[in-house]
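Student: Below, each chain spelled out in residue letters.
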Amino acid sequence: MENNKKVILDVKDLQTYFLTDAGVVKAVDGVSFSVREGETIGIVGESGSGKSVTNLSIMKLIPSPPGKIVGGEVIFEDQNILDLSEKELREIRGDKISMIFQDPMTSLNPFLKISTQMIETIRLHNKNVSKEEAREKSIKVLEDVGIPAARERIDSYPHQFSGGMRQRVMIAIALSCNAKVLIADEPTTALDVTIQAQILELIQSISKKYGTSVILITHDLGVVAGMCDEVCVMYAGRIVEKALTDDLYKKPLHPYTEGLIKSVPRMDTSGSKEKLFSIEGQPPNVIDLPPCCPFHPRCHKAMEECKHAYPPRKVFDGHEVSCWLYATDEEKNAVLKSIGSTEENDK
Amino acid sequence: MAKYIFKRLLGMIPTLLIIITLSFFIVRIAPGGPFDGERALPEAVKANIEAKYHLDEPVLQQYGRYLFDVVRGDLGPSYKYKDNDVNYYIFTSLPNSAVLGSVAIVLALFFGILFGVMAALYQNSWIDYLTMAIAVIGISVPNFVVAPVLQLVFAMNLGWLPTSGWYTTGEGYATIVLPAISLSLAYFATIARLTRSSMLDTLRSDYIRTAKAKGMKNSTIIMKHAMKGAMLPVVSYLGPAFAGVITGSIVIEQVFRVPGIGKFFVQSSFNRDYTLIVGVVIVFSVILVIMNFFVDIVYALLDPRIAY
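So the sequences go chain by chain: A and B. To convert, count from 1 in the first sequence and add 22; that's this note's numbering. To convert, count from 1 in the second sequence and add 1322; that's this note's numbering.
Among these hints, one or two may not hold up.
Unchecked claim - In the DSBU-like style, the derived pairs of lysine-lysine whose C-alpha atoms are separated by at most 35 Å in a straight line are: (1) 153/A with 1550/B; (2) 109/A with 1550/B; (3) 1550/B with 135/A; (4) 1539/B with 231/A; (5) 90/A with 1325/B; (6) 1550/B with 162/A; (7) 1539/B with 153/A; (8) 153/A with 1325/B; (9) 118/A with 1550/B; (10) 82/A with 1546/B; (11) 90/A with 1546/B; (12) 1546/B with 159/A; (13) 135/A with 1539/B.
No lab work stands behind these hints, which were simulated from the structure alone.
All chains should be modelled from the sequences, with the hints used to inform the complete structure.
Tutor: In structure tokens form, the structure reads like this:
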């Protein structure tokens, strides 16, 4: 995979654990990916796979306690975000890295006017901008994201907007400063299907227009196909497969990814009355997970070694996968040998 | 807004009418009467008294007469205290209770919100535990215990404040301090607990996460983003609480010799003093209804989602 674009955000071996009474939840366990300038990277996974926690960790917004970032680095503009003080973090949050959330109904403050919520963000990160200038800029950004009659509507409250319009306002707030990276955490999950397409198009056009990099978190592979340059598939807190979008769709390597792609309803197989494919079983309970491939109970290709050790990461031509199917015989034998020896010890 | 206020004001009339009617008849259903003594009065004397107070008329006629007087602002003569009428007793004592109650509720509100917010911000820290401990004490220890203890410590032992008395009788404004503190403790406790729990709820909400993601300072988030939402439950508690606290507390007023309205609530019932009972009930309900009205207005001002 040759890519000359500059890496703008580099997540290395990120580990975020939640220390609960029931045990340690390794919500994110060794996640690495990098975001390049102007590109859109997708993070796909089921509920609870750790995709939102990954991105809250990037902003260091994990509620602590119980959450704790126990390891890894997030390199942004030559510094590790995770090492920054709260004050330095605040200068990045909402300015250079912005977030939009899943539910626009609850993510805007219902007690404050849209204008207040926009102006405060702009003035927070641009101290010498006057209220009037900030207001003008807000109106401009609102128009940019497609809010009709923005000048009249800017003094409305969030409840006076529809869901799609509110998500547009969220995007406008995220864009009102100098966002280099936009983290969109399931931005369309709470919206009607027709509105979903509009919001995704909006995010895409903004990314093109301003060169903003986008991290798109979603559980919808269909969304990823149309939007992203690169995709990370997450399962139980780890990235199981990472590839350019085309590669991933054409030849998924991990059985989980394969299952995910098969379970997307397709228009071109119309006429067939085949039942839609679904991956059997539930995502694992990640509390105190033993060392194993977490997907093995649901995997139809599961082998003995899958039950005993986490698969090594393999890279084939830029296509990354963590699955025992692609491990070398030596690696497999090492695992089998170690089980064999423990079994002997048991006797 | 103006139309809404007018409608609400109009709506108070039937409420008050029902309260007046119910209390008028309920006091008369209770056994005994204002002129029943240990020794029965001679028939002629009793007939004379009853004629003077129109108690010999059919009860519906009395009711009509009373209602007519109330509408004109006359709460009638007291059956027990012969020197003055009900209006006099109420309007000389109510201001004292109102001053005491207002000071108490302002104290409770200020410290309750302050401690409640701190407790929420530093959940499970010593300040949280301290606040909740004071709150439990404030709610569970009755004020007839709190009041004498305060008197003992701050008046008798330390001598900082007068034990009792009231400023209208020339004993200085310092007389307000101890009764106001004793009275405010229970309200402080409730407000602190309410503030803490609703602030915790608010801080967990999505829009607070948004504010954090925007890079705002914690203190700004609390003041600008969380406070309005977190105050709603406190506001709705405050209406009835304020009505209750400014209409006096029998215990506090007795212990600290405050010439307030509290004692009339109890004394008038013992005396079967019909007009005084109904009088204080009317005053209390008017204040309560007005307070609830204010609460609704404040609610509408705080929360833009509420339509009139």
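Student: Straight-line Cα separation of residue 1539/B and residue 153/A no greater than 35 Å?
Tutor: 19 Å, holds
Student: Is the hinted pair residue 1546/B and residue 159/A satisfied, with a Cα-Cα distance of at most 35 Å?
Tutor: 22 Å, holds
Student: Verify the proposed pairing of residue 118/A with residue 1550/B, using a straight-line Cα cut of 35 Å.
Tutor: 29 Å, holds
Student: Has the given pair, residue 90/A with residue 1325/B, been kept, meaning a C-alpha gap of at most 35 Å?
Tutor: 54 Å, violated
Student: Taken at face value, is the distance from the CA of residue 162/A to the CA of residue 1550/B at most 35 Å?
Tutor: 29 Å, holds
Student: Would you mind confirming whether the straight-line C-alpha gap from residue 153/A to residue 1550/B stays at or under 35 Å?
Tutor: Roughly 22 Å separates the two Cα atoms, so the pair holds.
Student: Assess, step by step, whether the Cα of residue 82/A is no farther than 35 Å from the Cα of residue 1546/B, and give holds or violated.
Tutor: 22 Å, holds
Student: Tell me if the straight-line CA distance from residue 90/A to residue 1546/B falls inside 35 Å.
Tutor: 28 Å, holds
Student: Mind checking the alpha carbons of residue 109/A and residue 1550/B for me, to see if they're no more than 35 Å apart?
Tutor: It holds: about 25 Å lies between the C-alpha atoms, which stays within 35 Å.
Student: Need the status of pair residue 1550/B, residue 135/A: alpha-carbon distance at most 35 Å?
Tutor: Measuring from Cα to Cα gives roughly 13 Å; hence the hint holds.
Student: Would you check the hint for residue 1539/B and residue 231/A, treating anything up to 35 Å between C-alpha atoms as holding?
Tutor: 31 Å, holds
Student: Is residue 135/A within 35 Å of residue 1539/B, Cα to Cα?
Tutor: Within the cut-off at roughly 19 Å; holds.
Violated hint for the displayed structure: number 5, the only one.
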